[in-house]
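Counted from 1, the sequence shown has number 172 at position 172 by this note's numbering; the numbering is strictly sequential.
Hints are computed from structural coordinates only; laboratory data are not their basis.
Every residue gets a Cβ at the ideal spot worked out from N, C-alpha and C, and that includes glycine.
Relax, there's no trap hidden among the hints.
List time: in silico DSBU-like cross-link candidates among lysine-lysine, alpha-carbon distance up to 30 Å: (1) K137 with K159; (2) K158 with K197; (3) K5 with K105; (4) K137 with K210; (5) K210 with K123.
Distance ranges between label pairs, derived from CB positions: (6) L187 with R112: 27 to 37 Å; (7) P173 with R78: 39 to 49 Å; (8) G230 with R78: 34 to 44 Å; (9) T44 with L195: 41 to 51 Å.
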Amino acid sequence: MAKAKGIVIRTTDYGESNKILTLYTADFGKIGLMARGARKPRSTLSGVSHVLFYGMCLFNRGRGLGSLYQAESIHTFRGIMADIRSTAYAALILELLDRLTEDNKPFPGLYRLLRDTLVKIDKGTDAAVLAAIFSIKLMRIAGIDPQVDHCLRCGEKKKSYRFSISGGGFLCPDCAQSDPYAIPMTLRASTLISLFKRIPLERIGTVSVKPDTIREIEALIAAYYEQNAGIKLRSRRFIEQLSHFKADNKSSSQ
1 MAKAKGIVIR TTDYGESNKI LTLYTADFGK IGLMARGARK PRSTLSGVSH
51 VLFYGMCLFN RGRGLGSLYQ AESIHTFRGI MADIRSTAYA ALILELLDRL
101 TEDNKPFPGL YRLLRDTLVK IDKGTDAAVL AAIFSIKLMR IAGIDPQVDH
151 CLRCGEKKKS YRFSISGGGF LCPDCAQSDP YAIPMTLRAS TLISLFKRIP
201 LERIGTVSVK PDTIREIEAL IAAYYEQNAG IKLRSRRFIE QLSHFKADNK
251 SSSQ
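Just need the whole structure built from these sequences, with the hints factored in.
Here it is as structure tokens:
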């Protein structure tokens with residue numbers, strides 16, 4: 001029998017009454033647990049067998065799936081679940097984590113990053129900004145860490161750069177000629193990408209980023225993951241739909 005704090009990052013219905021939970025923990029990494037009877041309303045596990053459950057879990061580990069016996073909530077993330085935009089960005093964070101991690105490989109630092117990111121979103125820090133920070137920090141774990149502090153070719157620090165998706169980072173205007181597909185960036189976007197990579201999460205306070213800038217950063221992150229890790233997130237589509245819906249509503253009200 002094992003006991004660990006964990007966050008449910010994915011659930012799958014199994015049979016008529018069970019659920020398979022994917023739990024991310026500090027001690028064991030990502031593990032799969034069978035929550036028997038969790039789909040029954042009166043089950044003691046029904047209230048804890050959902051995405052974003054964060055609590056202390058008692059379970060039995062097996063070669064394949066373990067079995068969840070008991071769980072006690074630590075934090076409910078009510079702020080996230082009450083806001084559709086925050087929920088959408090939390091889903092992106094969980095999906096990316098799930099896609100990039102292997103089962104049974106502990107990474108305590110990643111667990112803390114996940115937990116602290118979700119707590120900050122829950123307390124009202126901009127979800128889009130935190131999702132971008134999380135995504136950029138995970139690039140190192142994915143083995144695709146980009147060079148975003150200076151030009152990856154000449155090593156010089158410049159005021160303006162292009163982003164080389166295939167080269168893996170920033171190119172100054174002179175070196176950008178070597179990559180015709182390097183993407184132009186605004187000064188604000190390149191500055192924030194560099195900042196997001198190096199700043200510790202605990203130092204992030206109230207952050208305000210213009211919608212156009214965060215969309216620019218999100219597009220670069222998505223393109224980088226797709227080309228260098230083969231990852232295209234389903235949750236990003238929903239976020240784009242939300243943005244279009246918000247823009248349509250704004251234009252129709254004017």
